[in-house]
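K.L.:
Here is how the chains run, residue by residue.
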Amino acid sequence: NAGVTQTPKFQVLKTGQSMTLQCAQDMNHNSMYWYRQDPGMGLRLIYYSASEGTTDKGEVPNGYNVSRLNKREFSLRLESAAPSQTSVYFCASSVTTSGTGIHYEQYFGPGTRLTVT
Amino acid sequence: AQKITQTQPGMFVQEKEAVTLDCTYDTSDQSYGLFWYKQPSSGEMIFLIYQGSYDEQNATEGRYSLNFQKARKSANLVISASQLGDSAMYFCATRETSGSRLTFGEGTQLTVNP
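Line order of the protein sequences matches chains V and Z.
Sequence positions in the first sequence follow this note's numbering and run 4 to 120.
Sequence positions in the second sequence follow this note's numbering and run 13 to 126.
I should point out that these hints are in silico values taken from the structure, not numbers from a laboratory.
No residue lacks a Cβ here, since even glycine has one placed at the ideal position from N, Cα and C.
Accuracy of the hints is not assured; some may be wrong.
As the list claims (entries may be wrong) - SDA-like, lysine to any residue: derived pairs with alpha carbons at most 25 Å apart:
1) Lys74(V) to Ser87(V)
2) Lys12(V) to Lys82(Z)
3) Lys60(V) to Asp38(Z)
4) Lys60(V) to Lys82(Z)
5) Lys12(V) to Glu118(Z)
6) Lys15(Z) to Lys74(V)
7) Lys85(Z) to Met44(V)
8) Lys28(Z) to Ala100(Z)
9) Lys74(V) to Glu56(Z)
10) Lys60(V) to Asn4(V)
11) Lys15(Z) to Asp41(V)
12) Lys28(Z) to Lys82(Z)
13) Lys60(V) to Gln121(Z)
14) Lys85(Z) to Asn125(Z)
15) Lys60(V) to Lys28(Z)
16) Lys60(V) to Ala83(Z)
17) Lys60(V) to Gly97(Z)
18) Lys15(Z) to Glu62(V)
19) Lys15(Z) to Ala53(V)
20) Lys15(Z) to Thr10(V)
21) Lys60(V) to Thr10(V)
22) Lys12(V) to Gln51(Z)
23) Lys12(V) to Ala100(Z)
24) Lys15(Z) to Gln88(V)
25) Lys82(Z) to Thr58(V)
26) Lys74(V) to Phe59(Z)
27) Lys85(Z) to Val91(V)
28) Lys15(Z) to Pro42(V)
29) Lys15(Z) to Gly43(V)
30) Lys82(Z) to Tyr107(V)
31) Lys15(Z) to Arg47(V)
32) Lys15(Z) to Thr58(V)
33) Lys60(V) to Gln81(Z)
Said to hold, decoys possible - Chain Z is nowhere near these chain V residues, computed Cβ spacing over 10 Å in every case:
34) Thr10
35) Gly19
36) Gln25
37) Gly43
38) Asn68
39) Glu76
40) Ser83
Just need the whole structure built from these sequences, with the hints factored in.
P.N.:
The structure is reproduced here in structure tokens:
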């Protein structure tokens with residue numbers, strides 16, 4: 004199993020450009036997540052999808068959109084990139100979420116390092 | 013809202029010694045989970061250990077153990093017999109049963125010296 008894969012690994016954008024970060028998991032997990040990691044701030048949740056067909060905002064959703072394309076894939080789109088979106092982006096997945104699934108850990112992809120100039 | 017506090021930005025330990033990384037949390041839920049992740053310099057996030065709020069015993073996984081003190085709202089990670097490969101950033105995180113998100117602390121950078 005590849006686990007959680009992300010593309011691209013690195014990206015440089017100019018302010019105002021758009022791009023989509025791709026994420027896929029092969030563990031048959033129901034829930035998927037997008038985080039950003041900035042220096043000194045830990046990871047912050049951007050959006051998540053508790054199950055196929057649903058998406059919800061996390062802590063820092065402004066400037067982003069997501070699509071849960073199917074059970075395997077969850078993409079993150081920046082419509083008009085800004086320098087404040089320079090960060091490392093992590094996709095994660097877990098078996099399920101909330102309720103009795105609280106103990107299920109999240110599996111993370113390798114991350115995408117995005118720079119917006 | 014949940015909040016995780018990791019008060020040690022950096023920690024140093026000698027190889028083969030034990031080290032404790034602090035984590036305190038704030039949550040209004042009665043049922044919640046606590047997680048520790050390791051992030052080496054290569055950048056990936058590696059799950060280490062989990063503790064449920066109703067678990068009566070402290071969680072252990074190999075050289076990792078969790079010193080869970082519910083009344084004090086602390087969930088410290090103890091690494092025994094440190095190895096050079098333990099040098100990494102360590103994150104504490106919590107999840108409430110009412111939500112799906114993990115809330116992370118700011119992390120502790122651990123350096124193991126030979």
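K.L.:
Compare the structure with each hint and give your call.
P.N.:
Hints versus structure:
1. Lys74(V) to Ser87(V): This hinted pair is violated, its Cα atoms lying about 30 Å apart.
2. Lys12(V) to Lys82(Z): Violated, because 40 Å separates the two Cα atoms, which is more than 25 Å.
3. Lys60(V) to Asp38(Z): Since the Cα atoms of lysine 60(V) and aspartate 38(Z) sit roughly 22 Å apart, the hinted pair holds (cutoff 25 Å).
4. Lys60(V) to Lys82(Z): violated, 30 Å
5. Lys12(V) to Glu118(Z): It holds: about 23 Å lies between the C-alpha atoms, which stays within 25 Å.
6. Lys15(Z) to Lys74(V): Since the Cα atoms of lysine 15(Z) and lysine 74(V) sit roughly 30 Å apart, the hinted pair is violated (cutoff 25 Å).
7. Lys85(Z) to Met44(V): Cα-Cα ~21 Å, so holds.
8. Lys28(Z) to Ala100(Z): holds, 16 Å
9. Lys74(V) to Glu56(Z): holds, 23 Å
10. Lys60(V) to Asn4(V): violated, 29 Å
11. Lys15(Z) to Asp41(V): Roughly 17 Å separates the two Cα atoms, so the pair holds.
12. Lys28(Z) to Lys82(Z): Cα-Cα ~29 Å, so violated.
13. Lys60(V) to Gln121(Z): violated, 29 Å
14. Lys85(Z) to Asn125(Z): The given pair, whose Cα atoms are some 30 Å apart, is violated under the 25 Å limit.
15. Lys60(V) to Lys28(Z): This hinted pair is violated, its Cα atoms lying about 44 Å apart.
16. Lys60(V) to Ala83(Z): violated, 32 Å
17. Lys60(V) to Gly97(Z): violated, 36 Å
18. Lys15(Z) to Glu62(V): holds, 12 Å
19. Lys15(Z) to Ala53(V): Status holds; Cα separation ~21 Å.
20. Lys15(Z) to Thr10(V): Not OK: lysine 15(Z) and threonine 10(V) at ~31 Å, beyond 25 Å, violated.
21. Lys60(V) to Thr10(V): holds, 22 Å
22. Lys12(V) to Gln51(Z): holds, 17 Å
23. Lys12(V) to Ala100(Z): Between lysine 12(V) and alanine 100(Z) the Cα gap is close to 21 Å, so the pair holds against 25 Å.
24. Lys15(Z) to Gln88(V): holds, 23 Å
25. Lys82(Z) to Thr58(V): violated, 33 Å
26. Lys74(V) to Phe59(Z): Holds - the C-alpha atoms of phenylalanine 59(Z) and lysine 74(V) are around 22 Å apart, at most 25 Å.
27. Lys85(Z) to Val91(V): violated, 30 Å
28. Lys15(Z) to Pro42(V): holds, 18 Å
29. Lys15(Z) to Gly43(V): holds, 15 Å
30. Lys82(Z) to Tyr107(V): With a Cα-Cα distance of about 20 Å, the restraint between lysine 82(Z) and tyrosine 107(V) holds, given a limit of 25 Å.
31. Lys15(Z) to Arg47(V): holds, 12 Å
32. Lys15(Z) to Thr58(V): Distance ~23 Å between lysine 15(Z) and threonine 58(V) Cα, so the pair holds.
33. Lys60(V) to Gln81(Z): violated, 32 Å
34. Thr10: holds, 15 Å
35. Gly19: holds, 27 Å
36. Gln25: holds, 17 Å
37. Gly43: violated, 6 Å
38. Asn68: holds, 18 Å
39. Glu76: holds, 18 Å
40. Ser83: Given that every Cβ of chain Z is farther than 10 Å from that of serine 83(V), nearest at about 25 Å, it holds.
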